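Those protein sequences? They're chains A and B, same order as listed. Going by the numbering used here, 117 is the number at position 117 of the first sequence; the sequence numbering is gapless. Heads up, the numbering used here is the position in the second sequence plus 1000, with the first residue counted as 1.
Worth flagging that the hints you see were computed from the coordinates, not collected in a lab. Just so we're clear, the structure is a prediction, and the values are computed from it rather than from any experiment. In this text, a Cβ means the ideal position worked out from N, Cα and C, and glycines have one as well. It is possible that part of the hints are untrue.
Unchecked claim - Ranges between beta-carbon positions, derived for each pair:
#1 B:VAL1489 x A:PRO122: 13 to 23 Å
#2 A:GLY153 x B:THR1188: 26 to 36 Å
#3 A:PRO149 x B:GLN1142: 22 to 32 Å
#4 B:ASN1319 x A:PRO149: 44 to 54 Å
#5 A:LYS100 x B:GLY1845: 36 to 46 Å
#6 A:ARG157 x B:ASP1481: 31 to 41 Å
#7 A:ARG157 x B:ARG1014: 51 to 61 Å
#8 B:VAL1512 x A:GLU120: 38 to 48 Å
#9 B:ALA1513 x A:THR155: 18 to 28 Å
#10 A:THR155 x B:GLY1528: 48 to 58 Å
#11 B:ASP1437 x A:ILE156: 47 to 57 Å
#12 B:GLU1556 x A:LYS136: 57 to 67 Å
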Amino acid sequence: MGISRRKFLKVTSGIVGGGVAAELGILNVDTAAAAAKAGKVPIKSGRQIPSICPYCAVGCGQIVTVDDAGVIVDIQGNPDSPINQGTLCPKGAATLQLVKNEQRWSTVKYRAPGSDRWEEKPLDWAMSRIAELTKKTRDANFNEFQDMPDGKGGTIRKRVMNTYAIASLGGATMDNEWNYLHQKLMHALGVVYLENQARI
Amino acid sequence: MGSNMAECHPVAFRWPLKAKTDHGAVLMHVDPRFTRTSAACDVHVPIRAGSDIVFLGAIINHVINSRRWNEDPFYREFVVNYTNAATLVNPDFKGTEELDGVFSGLAPDGKSYANATWSYQRNPAPGKGKGGLGPFSDLLLQQLPGRPKTDPTMQDPHCVLQIIKRHYARYTPALVEKVCGCSAEQFTKVAQTMLENSGREKTANITYAVGWTQHTVGVQIIRAAAMLQALLGNIGRPGGGVLALRGHATIQGSTDIATLYHSLPAYLNMPDGRKKHDSLKDFILTEAGPLATSYWGNYPKFAVSYFKAQFGAAATAENDYGYDYHPKITGDHSHMPMMLDMGAGKIKGFFVMGQNPAVGGQNARLQRKALAKLDWMVVRDYFETETASFWRNSPEILSGELKPADIKTEVFFLPAAAVAEMEGSFTNTQRLLQQHDKAADPPGDARSDSWFTYHLGKRLQAMYRDSANPLDWGIKNLAWDYEPEAKEVAPWRIKDEPSAYRVLKEINGYTVADGKPLATFANLKEDGTTVCGAWIYTGVVPEEGKNNAARRKPDEWISPNWGFAWPANRHIMYNRASADSQGRPWSEAKKLILWDPDADSGTKDLSGNPVRGKWVAPSGEGIDFQPTKAPAMVGKDAALGFDWLSGNDAFIMRADGKAWLFAPAGLVDGPLPAHYEPYESPVANRVYRQQSNPVAKVWRTEGNVYHGVADPKYPIVVSTYRVTEHHLSGTMSRWLPWLAELMPELFCEVSPELAAEKGIRNAGYVTIVTARGEIEARALVTRRIKPFVLDGKKVHEIGLPWHWGWQGNAKGDVVNDLSAMVGDPNVSIHEGKVFTCDIRAGRKGGRS
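From just these sequences and the hints, can you work out the full model?
Quick look at the structure:
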């Protein structure tokens, strides 16, 4: 991680994270010096792509800057957005580090049953294996009918066309389009344990 | 209330601050902790976590007994016309005053309600309607209820206003002192300020976040706020309303286009084996019957168009549009019971995408142990989350309780594309859809979430292609073609991304015959000639090639040309109520939409003369009402939807067109908010004999042990919350060097009084214990937290931000190891905002 930035961050954290730090008695903040330093941070140039902040639900507009090689080099607040008018909070302002992060994984990892380590695998292999497991699990655990309470103390046989053997839990920072595709596929397979961060 | 907006939604907090500095708005913060939000507000009132309904109920009591509310004609006009205050309720209804804390209809076992007595008194049912509307609509017309009876003087003892008066009579400032722990003066200041700033010329807003939802009475807290706002005339008007500050970029979209077990997209209910849902007809009549006199009268169109979207050409009138092949739910399959069923071995395979239950789930230890029971698990994320690594280095592995060799779960980690690396849309907390464009390909084998689900579906469809088994009809006939056009992928290395535009167009809806997008949901049909994934989003793609979510023209107010606010670009829902019963703006200052009697409605009468009069919005705001229905127009009794509603029925999604002060249906725990203590509480309920929500969801199972009422082992209230620098379970923040360094370590906020009692030193370690688990944190001894004195008893409260886990750059114990699985009965949300614990100085295991 960016230890070399420690000194700079010790100053800037006075602006955005100083509340707790100050109460813990750690920092002696000089915000004027931080502001002066921030004023000298160079603004990256390149092609500007409109985007939306991936964190909370306020929906701040962002501008993603891409250099000539097509690499994302900066993410800033979009001044046109009527929501944030160019501003971002500490998380939004750090979005670039979500994209450019040496700890981010970009290959498929696989852990075999009982193993104590990850192995790298090709994406295509993983997709085949996941599809195969999905089908096998669904087919072995599919319910066409189920006896349900009839409200009079007895039961009534109902067509349910579902499986309880597969569950899906999604995050809420994933596109509307994904939500649509995913509910559609899960319903087609009979999956009813279909949940999202949106509940909790 | 229930929100620390300055820290959790800082950019949005600019706007109330601007209202304060530029327009003299009064900001009030009612919250257990003194936070940066409190610091920026004019007033901060600390109340004990979980006492919100007492506070809100007392404001309601204050308002409806105030001289201002009873003498200013504004309130009467708003409430009589736009709420159900005048509606008469079944004389058999009994409330908490008669039944000491519960409502009529509680089952003998005390675990569920039958709501028959919560119903309205009604006039006789109308004769059968004219018909010819469509096969399902005509059936709905035959089972319409009579109009609700009302007493416009609001004096009848069974009318809603009188019921509310009786219900909240005991919610006094003195009770607030005893239950909430603030002073009567502090309370009265807030109540009076709300009242004085609500009326013809001014509106007041209530903003909340998960501080209100994460309770066993979460839904009822928000209802109490909505009731107060309806009584004050603050709904449907600029500056009014109840604003939910939600926590994720498209958590609203995930709810709208639900990846939630109980819901189909756009708030249609999921077919359910427990209900009369045996055919599409049964499904529509059961679900839409009670709602048919609202805009939900169009339910048949929404439902048939959904099934057409699901199964395409294979969905026909003859096969009930594939209804029989669609799954049904049979119980509560939500997050918490899902994880318990997983722990019991019922679930074999698990997709976890962009979610981290090993840290974020209640009773997280139990959730991690459930993962070890799976046959397989697919995790998609940016980093090796705690969920992905549970088998390798979780606390259970490190303690030796579990061994990797014994965990048979086959785990796949698939790297995910970042938002900047894919095209798609988010729906923000104001229902605004906004497009994000793709700026670059994701690295290596990272792919978009849509890519994963699309290609999994394609592979599965290929595997089922030759199946003749009718159980496979659904996957075999799934309409699943989102191949991109060449130009969509031309700039990119990855050529097989599904077309986000084609997905959004299907969500929007189109006509089967020519594939043209639907401009409005008014064009939907129930005869299978339209396809629509989620009717509330119709209009986002109003014509081929046009994406309104990508509009980027701001203005100084509503910005109707920035993104797309569902429904139909209406930014303030129920905005008919922004005008009075004659259709005139309540005041110039609060003008939004109005009835223009001279405007050309665009229609002609039988003689061919233009019909005058329509609703107009100088602001460019979408009109949330039938555009040509005059304020004085009386609805037809034997009709559906808009035709049934009258010109003053502003609340078009309610079956009576009114804002519900009293909820005759739709809630499982009572028609009115009543104070129940949190499931784990340091005190007995002082309001009623009934201690906690009688129908709360509880799961008494191994590893999910609850504390007793005023449990001497766990006397301290704990509330969990978030900080500015981290996001939820930390996957999107603890790996980021800047954020990890800004907020490196778990801490626990403790009052100086509690610190003195327990020998806790600022910045020293403390251990927090519950029956579920034990964690350690650094103590932050601060006057921001203070003990409450409740009827003479001192109650301590501590605060814990919950972002940390064992992975990433900033590590710490998992706070959710402390919490229990217990939930709201309406929506199965947990009670992470308030439970009980004990705290001691020093590290776990007795280290100092």
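Evaluated hints:
1. The hinted window of 13 to 23 Å between VAL1489 of chain B and PRO122 of chain A holds, with their beta carbons roughly 21 Å apart.
2. Checked against the given bound of 26 to 36 Å, the beta carbons of GLY153 of chain A and THR1188 of chain B, roughly 53 Å apart, lie outside it.
3. The hint said 22 to 32 Å for the Cβ distance between PRO149 of chain A and GLN1142 of chain B, and at roughly 28 Å that hint holds.
4. With their beta carbons about 28 Å apart, ASN1319 of chain B and PRO149 of chain A fall outside the hinted range of 44 to 54 Å.
5. At roughly 39 Å, the beta carbons of LYS100 of chain A and GLY1845 of chain B sit within the given window of 36 to 46 Å.
6. Distance hint check: the CB atoms of ARG157 of chain A and ASP1481 of chain B are about 36 Å apart, consistent with the given range 31 to 41 Å.
7. Separation of ARG157 of chain A from ARG1014 of chain B is about 58 Å and conforms to the stated range, judged on CB atoms against 51 to 61 Å.
8. The beta-carbon spacing between VAL1512 of chain B and GLU120 of chain A, approximately 46 Å, falls within the hinted interval of 38 to 48 Å.
9. In this structure, ALA1513 of chain B and THR155 of chain A break the distance hint of 18 to 28 Å, their C-beta atoms being roughly 45 Å apart.
10. For THR155 of chain A and GLY1528 of chain B, the hinted distance range of 48 to 58 Å is not satisfied, since their beta carbons lie about 34 Å from each other.
11. Range check, ASP1437 of chain B to ILE156 of chain A: about 52 Å between beta-carbon atoms, so the 47 to 57 Å window is met.
12. At about 58 Å, the CB distance of GLU1556 of chain B to LYS136 of chain A agrees with the hint of 57 to 67 Å.
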